[in-house]
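Trainee: Residue-level listing of the chains:
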Amino acid sequence: MKFFALFAFVLASLQTYWALASPPPFNPSDLNTDANAFPSTGTDSRTTMEMTMEQASRMVSSTTEKERVSAAKLLGKYAVRASSLLLIEALDDPSPLVRRAAIVSLVEHYNAGQLIYEPALVERIFAKIADPDVEIRREVTALIPRLVPGLLQSGMEKFEINGRTVFRSRPGSLRPDLFELAQRGFMDPDSIVRQNLLRHHFSLRLQIHPQTMVLLLGDKDPRVLLVALDQVRMYASSPGVLDQIMKIAKHRDSGVRSKVCQTARNLARSFPGFREVLRSMLDDSNPGISSQCAVELARLGERLTDADIEKISRYLLACNGLDGIAEKVYRGLSSLGQDAIEVYRSLTAHSSGRMRSVAWESYLMQTNGWEKPSFWIPALEDRDVKVRESVLNTIRGRTGALEEKELNALISSQYPEVRALAAESLLKADENLVEEAYINLLIDEDGLVRATTLRALAARRISGWLKVHARSLLDSNYAIQRAALDGLLGDPKVGVPALLDFVRAYPAARISSLARQELVRLGYRP
Amino acid sequence: MIRFFCLTFFAIGCLPVFGESASVIPSFGGSSIRVMQFRKASSSRIRYPDALPSLLELMNEQSRASFDPDPMMIDTFLDERLFENPILYLNCDELPDFDFSEEENNALRRYLELGGFLYLDAGIKASFLGADLGHSYAAWEERIEVRQWFEVLFPERIFTPLPRNHEIFRTFFRGLPDNDYLKLEEEQKRLPDTVLTFVEQEKWPQATYSFVGLKINDRLVCVASPICAMGWGRDEFGAWIPPISFRIRESAEDFDETLKLASFSGETYEVTREDGLKDVIYSMKGNRPLWVREPTGRWRIFKYYSGEEISDYAHSFYARLGMNVFLYALLN
Numbered sequence: 000m001k002f003f004a005l006f007a008f009v010l011a012s013l014q015t016y017w018a019l020a021s022p023p024p025f026n027p028s029d030l031n032t033d034a035n036a037f038p039s040t041g042t043d044s045r046t047t048m049e050m051t052m053e054q055a056s057r058m059v060s061s062t063t064e065k066e067r068v069s070a071a072k073l074l075g076k077y078a079v080r081a082s083s084l085l086l087i088e089a090l091d092d093p094s095p096l097v098r099r100a101a102i103v104s105l106v107e108h109y110n111a112g113q114l115i116y117e118p119a120l121v122e123r124i125f126a127k128i129a130d131p132d133v134e135i136r137r138e139v140t141a142l143i144p145r146l147v148p149g150l151l152q153s154g155m156e157k158f159e160i161n162g163r164t165v166f167r168s169r170p171g172s173l174r175p176d177l178f179e180l181a182q183r184g185f186m187d188p189d190s191i192v193r194q195n196l197l198r199h200h201f202s203l204r205l206q207i208h209p210q211t212m213v214l215l216l217g218d219k220d221p222r223v224l225l226v227a228l229d230q231v232r233m234y235a236s237s238p239g240v241l242d243q244i245m246k247i248a249k250h251r252d253s254g255v256r257s258k259v260c261q262t263a264r265n266l267a268r269s270f271p272g273f274r275e276v277l278r279s280m281l282d283d284s285n286p287g288i289s290s291q292c293a294v295e296l297a298r299l300g301e302r303l304t305d306a307d308i309e310k311i312s313r314y315l316l317a318c319n320g321l322d323g324i325a326e327k328v329y330r331g332l333s334s335l336g337q338d339a340i341e342v343y344r345s346l347t348a349h350s351s352g353r354m355r356s357v358a359w360e361s362y363l364m365q366t367n368g369w370e371k372p373s374f375w376i377p378a379l380e381d382r383d384v385k386v387r388e389s390v391l392n393t394i395r396g397r398t399g400a401l402e403e404k405e406l407n408a409l410i411s412s413q414y415p416e417v418r419a420l421a422a423e424s425l426l427k428a429d430e431n432l433v434e435e436a437y438i439n440l441l442i443d444e445d446g447l448v449r450a451t452t453l454r455a456l457a458a459r460r461i462s463g464w465l466k467v468h469a470r471s472l473l474d475s476n477y478a479i480q481r482a483a484l485d486g487l488l489g490d491p492k493v494g495v496p497a498l499l500d501f502v503r504a505y506p507a508a509r510i511s512s513l514a515r516q517e518l519v520r521l522g523y524r525p
Numbered sequence: 000m001i002r003f004f005c006l007t008f009f010a011i012g013c014l015p016v017f018g019e020s021a022s023v024i025p026s027f028g029g030s031s032i033r034v035m036q037f038r039k040a041s042s043s044r045i046r047y048p049d050a051l052p053s054l055l056e057l058m059n060e061q062s063r064a065s066f067d068p069d070p071m072m073i074d075t076f077l078d079e080r081l082f083e084n085p086i087l088y089l090n091c092d093e094l095p096d097f098d099f100s101e102e103e104n105n106a107l108r109r110y111l112e113l114g115g116f117l118y119l120d121a122g123i124k125a126s127f128l129g130a131d132l133g134h135s136y137a138a139w140e141e142r143i144e145v146r147q148w149f150e151v152l153f154p155e156r157i158f159t160p161l162p163r164n165h166e167i168f169r170t171f172f173r174g175l176p177d178n179d180y181l182k183l184e185e186e187q188k189r190l191p192d193t194v195l196t197f198v199e200q201e202k203w204p205q206a207t208y209s210f211v212g213l214k215i216n217d218r219l220v221c222v223a224s225p226i227c228a229m230g231w232g233r234d235e236f237g238a239w240i241p242p243i244s245f246r247i248r249e250s251a252e253d254f255d256e257t258l259k260l261a262s263f264s265g266e267t268y269e270v271t272r273e274d275g276l277k278d279v280i281y282s283m284k285g286n287r288p289l290w291v292r293e294p295t296g297r298w299r300i301f302k303y304y305s306g307e308e309i310s311d312y313a314h315s316f317y318a319r320l321g322m323n324v325f326l327y328a329l330l331n
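Order-wise, the sequence lines are chains Z and F. With numbering that gives the first Met the number 0 as the guide, the letters of the first sequence map in order to residues 0 to 525. With numbering that gives the first Met the number 0 as the guide, the letters of the second sequence map in order to residues 0 to 331.
Hints are not guaranteed to be accurate.
[To be verified] Now the in silico label distances, taken between C-beta atoms and shown as ranges:
1. D217/F x G112/Z: 15 to 25 angstroms
2. A126/Z x L260/F: 52 to 62 angstroms
3. L513/Z x N331/F: 22 to 32 angstroms
4. L276/F x Q206/Z: 33 to 43 angstroms
5. S279/Z x N331/F: 24 to 34 angstroms
6. L276/F x N285/Z: 48 to 58 angstroms
7. E159/Z x S126/F: 40 to 50 angstroms
8. P377/Z x E103/F: 44 to 54 angstroms
9. Y180/F x N285/Z: 35 to 45 angstroms
10. R173/F x R251/Z: 47 to 57 angstroms
11. L151/Z x L276/F: 44 to 54 angstroms
12. A306/Z x D234/F: 29 to 39 angstroms
13. N367/Z x P154/F: 52 to 62 angstroms
Keep in mind that the hints were calculated from the coordinates and are not lab data. The C-beta atom is built at its ideal place from N, Cα and C for all residues, glycine as well.
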């Protein structure tokens, strides 16, 4: 039962397919006449969709070329099936102008969601990859991804042989004649066509002959080369491919050489012969590319010579900033292990703020530099706030106790975030040193520095802290009042009584309301 | 302000050695010129993030100017670094709104008066484009939000269209990209015939575009253009990203009659042309605009072309135009 149902379905589908193999003449009833989908006109003087289409269908078969061009252009604006069928017919027009207009309009249909799935129709479009007009070949090859679903449909086909009906399966691959056209297309005189076909050949389930691939890897147009290098993995072990890539490793276009470097890096993991390509590029005239190859080799586990490391360092120092190849090279430095430290150190003097910022980060991380203030204190004098912030984020919470000289260097900094770090450092500094240093920080012009100092004093219980905190409750800066409040609340023995005295003495002070709430929460009656 | 003068002097110093085949690695080892990019902290739309860094890199490759390819991002005009750098770039499509505090407007006004230059990319945007950010259209007036913002900044000044012979269009590159620049063989078609004709004669004649500008003390301090950044991005191998397609006006034998009567259900929009007259754009919701009625009574259809050659050409044009704008800003 199931078998018969399936057979009936296949027959029904085949009838449809048969009918589509040759597009019928235009019939207005093909149009979707749903009034909502195609309201008739914007103004009263305009014709209906049906009338417009009918006129266009007459014009597209006119004897006048100009009329046919006009109709082909207009039909692009009506993305409906009937219109697509007329345009497919027009692709066989003897005039290239009509064919151009038709293919551009068909692309408009595809863009508007009017897709064509019937293999016979799609094959007629695809066959235009051999059109004598280059503009049409370009359009069709660019359209390949949209044609593929219809082009590579597998299914059943019905034939009549000597009056006998024969069914046979239709494979999901290109028809043999179209396959031949596509293979020839790889050698099309126009580089855009070659590029398009090459880019989409996997989706067409085509395999390029290795010799053709070698020829494409020697293409005159750098854009074709870039695409070929993108697609070469399938052919990496084919004869001649490695040799050809070795040749284009010396290409005049630096973008191509950079792509060769990337391709060789990717292939070298599976095909060790490609490491030789990277080695051959270590002397590339472009220092960016030679540096890129060097770090790729390091990533593959090869040890670099001092000269190569020096070259990388020089290249990065000469860059205007961290972008493109420079960023790739920089990110690859970690593969150099300990050898990278000196490179990072030299980059901390780079003219680009972003480069200095990442270089300081890497340098401090690789050397545990946060333990050595002499390493990072110079970074905090950097003119770029992003660099200073990056260094502060790296060392914050990791530094040890500072010496007097180091603490004074931070306190005398012109940058408030650095002085705030000095205040944070009071948490770990020698007590005598804190007693000497905190006054300078308490009179700092920046509120954050003063608030941080208060918190450090409270944590360390430095002599006189209670008095300082009690006074600070009347500071005009709310952050400082809050820091003083927190400090006093943290000491039930002397801090809380002092706070109780304060709220009783200054019930209307700005901080008093909050202080009362905090005291109640702790079980005190303010 | 001293820094402005230094940078201008520096840029002028490097002009004589400008040339399309200039050295790949800039010879300036010292500090590079930093271009600022404004993006509000609340902005959730980042448009073409690779664009400006790519363009700056390209300028370093093709001229001997030395730009830091990493733009300095600022999110308020009160940023103290504003006055240390002469060029500010702003993509209007990235702004969630054009609301700025009085202090910010004062700072920007002062910046422009003291020698700064503001490039408002996507500062022109035809109304029919709506929220579709992937389009540009050569309208000849600033977008309404920009106009309202500048009425607050400079109440006595208005944007005016830049003439086709303005120096900004030929500061460094002149003319449209040829086959040599596009790295095409001499006999190879760089564009389909109809597209090339339209581009050369109407879309970008002599490599110009629809720019409007605002002058203070006879100095051009701000320009607004349709979105150009979409044409600046390149990947690390020098290939352009993302793809760009062209909207071309095409005519045919009987379009004046046919398009007047052809079935249409949608909206019409008026867009200002270079000559101040209005085009009427016919557009259906969810579709690209269909056709246009020009003030002469002529009807033309919009056709859309895409493909590698179209995209490469458009990118090359936008990048050359962008370079011209930034180098003009440095020199003036």
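Trainee: All hints, please: hold or fail.
Mentor: Tested hints:
1. D217/F x G112/Z: 15 to 25 angstroms: Violated, at about 52 angstroms.
2. A126/Z x L260/F: 52 to 62 angstroms: Between A126/Z and L260/F, where Cβ atoms are some 35 angstroms apart, the hint is violated.
3. L513/Z x N331/F: 22 to 32 angstroms: Because 56 angstroms falls outside the window, the suggested range is violated.
4. L276/F x Q206/Z: 33 to 43 angstroms: violated, 57 angstroms
5. S279/Z x N331/F: 24 to 34 angstroms: For N331/F against S279/Z, whose Cβ atoms are near 47 angstroms apart, the range 24 to 34 angstroms is violated.
6. L276/F x N285/Z: 48 to 58 angstroms: holds, 51 angstroms
7. E159/Z x S126/F: 40 to 50 angstroms: violated, 60 angstroms
8. P377/Z x E103/F: 44 to 54 angstroms: Distance hint for P377/Z, E103/F is violated at roughly 35 angstroms.
9. Y180/F x N285/Z: 35 to 45 angstroms: Given a distance of about 20 angstroms, which is not inside 35 to 45 angstroms, the answer is violated.
10. R173/F x R251/Z: 47 to 57 angstroms: Given about 25 angstroms between the Cβ atoms, the range is violated.
11. L151/Z x L276/F: 44 to 54 angstroms: holds, 51 angstroms
12. A306/Z x D234/F: 29 to 39 angstroms: holds, 30 angstroms
13. N367/Z x P154/F: 52 to 62 angstroms: 59 angstroms Cβ-Cβ, so the 52 to 62 angstroms window holds.
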